[in-house]
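**Student:** Each chain is listed here by its residues.
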Amino acid sequence: MTARNTLALTVAGLLLMAGPALAQPTEIRIGVALEPPTLDPTAGAAEAIDVVVYQNVFEGLVRIDQTGAVQPGLAKSWTISEDGLTYRFALNEGVTFHDGTAFDAEDVKFSFDRLLAEDSVNAQKALYAPISAVTVIDPMTVEFTLSRPDGLFLFNLGRGDAVIVAPESAANNGAEPIGTGPFAFIQWDRGSRVVLEQYGPYWGEAPALTRASFVFISDTATLTNALLAGDVDGTNNFAAEALAVFENNPQFKVLVGSTEGETILSTNNRKEPFTDLKVRQAMAHALDRQEIIEGATYGYGVPIGTHFAPHHPYYLDLTDTYPHDVEAAKTLLAEAGYTDGFSATLKLPPVAYARLSGQIIASQFAEVGIELELINMEWAQWLEDVFANKDFDLTIISHVEPFDIGIYANPDYYFGYDNAQVQALNETLNATTDEADRLALAQEIQTIIARDAVNGYLFELAQTGVWNAKLDGMWQNAPVEGVVLRDIYWVE
Amino acid sequence: MGGGFHMTLFLVRRMAGFAATLFVAALVIFLLLDLLPGDPARFILGINATPEAVAALRTQMGLDAPAHERFLAWVGGMLVGDFGLSTTQRLPVAELIAERMAVTLPLSLIAMVVSVVVGLPIGILAAMRRGKATDTALMVLAQTGVAIPNFWFGMLLTLVFAVTLRWLPTGGFIPWDEDAGAAMRGMTLPGLALALPQASILARVMRTALVDVTEQDFIRTARAKGMTKSEAIWRHGVRNALLPVLTILGLQFAFLIAGTIIVENVFYLPGLGRLIFTAISERDLVLVRGATIVLVVVTTATMLVVDLAYAFVDPRLKGRDA
Amino acid sequence: MNWQQLGRHPSLAIGLMAATLFALLGLVSLWWTPFPIEQISIARRFLGPATEHWLGTDHLGRDMFSLVMRGTLTSFVVAGLGVIIGIGVGVPLGLAAVAWGGMVEWLVLRLSDITFAFPAVIVAILIAALFGPGEINAVIAIGIFNIPVFARVARGGALAIATQDYVAAARLAGLGNAAIAARHLLPNIMSLLIVQGTIQLSLGILAEAGLSYIGLGTQPPATSLGLMLRDAQSLFLIHPWLSVVPGLTIVLIVIALNISGDGLRDAIDPRLRHEGLNHGAG
Amino acid sequence: MALVEIDHLTIGFDGRKAVSHLSLRIERGDRFGIIGESGSGKSLTALSIAGLLPDAAQVSGHIAFDGTPLPDSEQAMARLRGKRIGMVFQEPMTALNPLMTIGEQIEEAINLAGITEVMPLALPDLLDEVGLAAGHVGRFPHQLSGGQRQRAMIAMALASQPELMIADEPTSALDAITQRTVLDLITDICKRRHMTLLFISHDIRAVAALCDRVGVMRAGELVEQGDTGDVFRAPQADYTRKLLAASQMQRRDRPAAATQADGAPLLRIENVSRVYRHGGLWPWRDAPVRAVDGVSLDIAAGECVALVGPSGCGKTTLARMIVGLDDVSAGQLVFDGAAYRGRNLPPLLRAGLSLVFQDPFSSFDPRMTIGDSLGEPLHLLGRLSRAEHEARLAEAIEAVGLSVAMLERYPHEFSGGQRQRLAIARALVTRPRLVVLDEPVSALDVSVRGDVLDLLSRLQVEHGLTYLIISHDLDMVAAMADRVLVMEKGQIVEEGAPQRLFAEPQHDLTKALMAARLPEIAA
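Chains A, B, C and D, in that order, give the protein sequences. First residue of the first sequence: 1, per my numbering; consecutive thereafter. First residue of the second sequence: 1, per my numbering; consecutive thereafter. First residue of the third sequence: 1, per my numbering; consecutive thereafter. First residue of the fourth sequence: 1, per my numbering; consecutive thereafter.
Worth double-checking, as some hints may not be accurate.
[To be verified] Covered stretches of chain B (in silico footprint by chain A; criterion: 3 or more residues with CB under 8 Å from a CB of chain A, positions within the stretch not fixed):
{"#": "1", "segment": "77-90"}
{"#": "2", "segment": "95-109"}
{"#": "3", "segment": "148-162"}
{"#": "4", "segment": "261-269"}
{"#": "5", "segment": "281-292"}
[Stated by the list, open to error] Counterexamples of contact, computed for chain B against chain C with all Cβ distances above 12 Å:
{"#": "6", "residue": "Q60"}
{"#": "7", "residue": "D177"}
{"#": "8", "residue": "G181"}
{"#": "9", "residue": "A182"}
Derived from the structure by calculation, the hints contain no laboratory data. Remember, it's a predicted structure, so these values are computed and weren't measured experimentally. From the three backbone atoms N, C-alpha and C, an ideal C-beta is built for every residue, glycine too.
Using the sequences plus the hints, can you model the full thing?
**Tutor:** Okay, structure coming up:
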């Protein structure tokens, strides 16, 4: 035992002496870092919204399970036309919203009309652009017509952005969400917590938990203390740096799973000197992925060599495309005409993985002669500067959308990669429904963007949950954002 | 001198100055916030939203009107108690602030009470034992109390009393009407963390003030009347020494109302400081300016109260402009 | 102030010595640190104190002693610039209020009321939102906070000076308000300003730590004591040493400065200096 | 047996002796006076009897009260003070607690004295005895006049019906008229109660009037003691003789040639008023205060005019307007033919006017050399060459009898008398025609007053100066002035040559001022 761990163990030992945890067997308190600005998942992009309400308060026609597969939700079954343009859903009977109003096909139509309307404020409106019409066939049947085939259509229906809301309550969902899920919203003590309670008349199988609170604790040290003191029962994503506190503690279990977050060193492909492939290749060689993963994620990140989630069946391991090689990097820079290197800015959003990776990358780049100036920014400013105005050289960001390789086919996207071949391949991919073909296409795109070193591909973020050892049924992976409560239960 | 009339004049003058300060402060806040980079609509909708959706949201949030119209609408609204709607949360700002005040105000009061109850006696004791070992020990304690960063001390308190002893929660806030006892327990540690530096400052100010007063002639007069030195300090010195302490108390209360943000972070309390902090990062300008002006009002009002209290306690100031 | 006086106030001597020592430590870091502070080496992180790394290494494998040196410098510079802004703006305002009086004094008082009404943390948050977080932001926020403090101290001190006959004599000699402020008022409140400056310096160092804690102060790759403390906070249970080093440094510096401030006041204030004699010498 | 017996008392601070080997006896029923200048240790001696010395004092020697040595414990000493010793201090404003009413403070003294049997009557009786109206009981110290405050102090001292009353400079902070009434009050009470009095003062005439025994202190030592009559009739110590001489002001007569009345007055004050308003620009501001109310007067070149009156009568305000430190509200001033309203006095005219301040300790910037301070008014003359600048300074400092080398020094290196000389030098540096002297000697020790007045007389002759003296010291005025103006409530109420005015005062105020003069000590 090292001296450093003594304190942690002492604290843990005292915990054991303090006797059994006080938690009731059907209630749970979950610590989460960020408080949602609103509780309406259709009116904001914040992950924090989905963490609280997704699949708990609100449900979609289908739902995504732990493995990322599409399962029936409010729709018990569906049929797809041959051309892939018409989806007909049969809805579950006896479903009610938490305010008691009944759910039927009209609510589905309302939800999607609202999402697609001119003045819609849905953040992911673009994902649903292929929908050309939603038709109520009868109260328990609804039909979607698409303008073009979309391989991800069903998955997208399962996202938090496409949950079904009722016309009576939709406007008020931000403050007082009313959905059809197994948990009903009870109260929101702003700045402090959201409380949910089991919804008695839930149409499906009743969950084991009767009550759940999401407690907002942004500070890692504080969250650590709250977990140790038993003031919260778990958290879905705990800062990797302090995981050691819980790793060998029998009172807790640490769940390490995958997310959809590809963390990349985004490079402004429109801007000198990054327009030069050799420069981008040199940067790729300069990166020591292992050191970054160790330093920024304490080893929990999974290395990636392209923009794709490693746990996905389509994933291709391209991490060796440009191995860490300082000499190669210097040579490439010299070939590109930057014998003495160059300087650039690295704009960093306020997340720990970005700030830490940034410092490490700056140190690594310095070895090949690239001087990085680190500029730390708030989210709002980062979004405006980097994302909207594309005023940046480099940035570090995790792209958490599932299956989002399509961003490489959009030359207007913030990193500005314009490759006709990728654009054509992506179009084909979107219109293809055959799995084998899709896999081949997706892997071809992965290979091209890796070779082009469009961005520096760093790692896939891990989800590192810390939970009371007596809890079970938590999602280990995060194929979509959210803390799904329905399967969680206390074991005696 | 006509005390009553002068007192009224004094009040009226002070109130007029108060109003003027607030108006200028409102203008400063508004202008400053208007300069902020970052689009609130873009923030809400995130990186994948279409420009049309962002534009639609901007219109909905009333960000398209010219600046002077928005300023007048804001000030006009506040005069009738309407602080506007939060852009991100879509709720009345007044309501949001009131919720947070239910945490910040009692927390500040607890910290004040603790610091007064602990700090003043220590200061008095040190002054009485001036130059002796007790004095030195107490002042070393007070120096350390001022020097320890707030969040560090809060963390230490949590580790001892919440994590190890489990006497008190690590933080969080249970609303008063739900369980007042739990709310109180939740405020204990943050209250202590806030009180430590304040009590240390109070102890030092009290000591200095009392030492100064002890050198005044009227203490000698009291002793000449037949009091011992410590009796004279108790009966005549302490009350006079409280005058400078009163100013510090006012400053401290104003500071506590706004300055609890760090402790709120450590103890995950939904206070006003954190509200402003998150509101700015979310570019919820309506909320930010509402909350900021409330803080300014509280600070200014506290100063006003201190001034009035001074006039009340010190007969020399009655009816005079301070 | 001379050496003999220093000898008569041992706590002042200790305080000044300690504060100077820390300041020098910081200053030296401009030219030399045991290891370059930007040098990140994940393989060497979390080393305990040893002969090579006197105070061990941090979570990025950087030398703690080097970081403390540079961090001390940043803390001093941020707090010091804050004091300079406070003095640079506040003192002229305070002096002008006294020298001109009337409308000028009223304006200065209202201005300082208004500045004062904005809590420092809020100012820092606003400035961070305007210009981005960083040392400059901390300097401005602390500086703004210091302005009314120094304006009030300068005004208070100068008011007492202004009633002295030599100020009236200077007016008789035809000196204008500005000349009187510069020739008579300023030199005579200098000691007051030094004492207040010391106190504000220690407050500034604490404020920098607080701002860094909420992410508005110094930004990596630069470092400050507050930032080190913040970085180490979540590791406290695993690597307490990383918090103890910067935390203790802050505590010691602040105590040293406060003791110096208190000592200077005792040493400079003639009323306290001639303690005893003023009671009886009638 | 003596009530107080002091034997070889030595008091030191940081090794410096403030009182050394002092022995004296105060018999029961004595009225004992101690005379001395500032720093002579007289107050420390008084405080040591009551056990009120500062903590830092190192004391040796013995003090016995009523045959018993003073107790060591603060508790017992406090009881002794409370029951048997009453004390009155110099500055009644600071000696009273500002936050408590007079009544509360007197009552507290009564309670501490523990004389319960007289309690019900005590407060009204005491008030009656010291001449305070019952209505003052509820007032705070700042609401009373200086004399009333001192009466309250005396009431507190009397509350325990003490055997010994110690009065430490009880009147030096009061104006002339009040000073006299308070002294009379103390005399009355001592006689009526057969109380022993220890009276500390720098005013030899007050001691002579009040005490039957006297001690003279100088630099911590008792140079002489004995019956008042004996000591003053036949002083043994040189120092006593010097003090006696200084207390008798001789008329400084100047050759008539010095007064050269050539028709037009040097300074003309035309119907000048000064009104102060408080409360800024608000419409509901306070009623205005008329500090100076329609004053007109002329001062001829070479004249020495004195302006006398009680504190607050407006004499200082008038002086400030004349020298251009303040503006008139109405009327105008004419100096040497040029009209001005106060601060608009042009620089060259300013050079013709100067002012000597009362307090030599606050009239020099402690951070500037004497040379810099003295050179300041030379700005008024425009650019002077370096040589001429230095010549002017040398001329001025030599005129007051000090050496050029002193220009390099700082104010704290000089004594009070030297500083007042330097202040006069500064007033002369621009070679002015009119010098306003604001209480030029009242802050100085008695022994140096005469020297400074001699200097002023000499300078007036040598430089053909015109003086306007502001003072409440009638003896000094009588010694210096050609003409005296008496001022009350902002107006000049009487005017005339000092001899005539003091012999046959017409106005009530003048009469009161004359009545308040302490008798000269019979030689």
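**Student:** If a hint holds in the structure, say so; if it does not, say that too.
**Tutor:** Here's how the hints hold up against the structure:
no., hint, verdict
1, 77-90, "holds (count 3)"
2, 95-109, "holds (count 4)"
3, 148-162, "holds (count 4)"
4, 261-269, "holds (count 5)"
5, 281-292, "holds (count 4)"
6, Q60, "holds (23 Å)"
7, D177, "holds (28 Å)"
8, G181, "holds (29 Å)"
9, A182, "holds (26 Å)"
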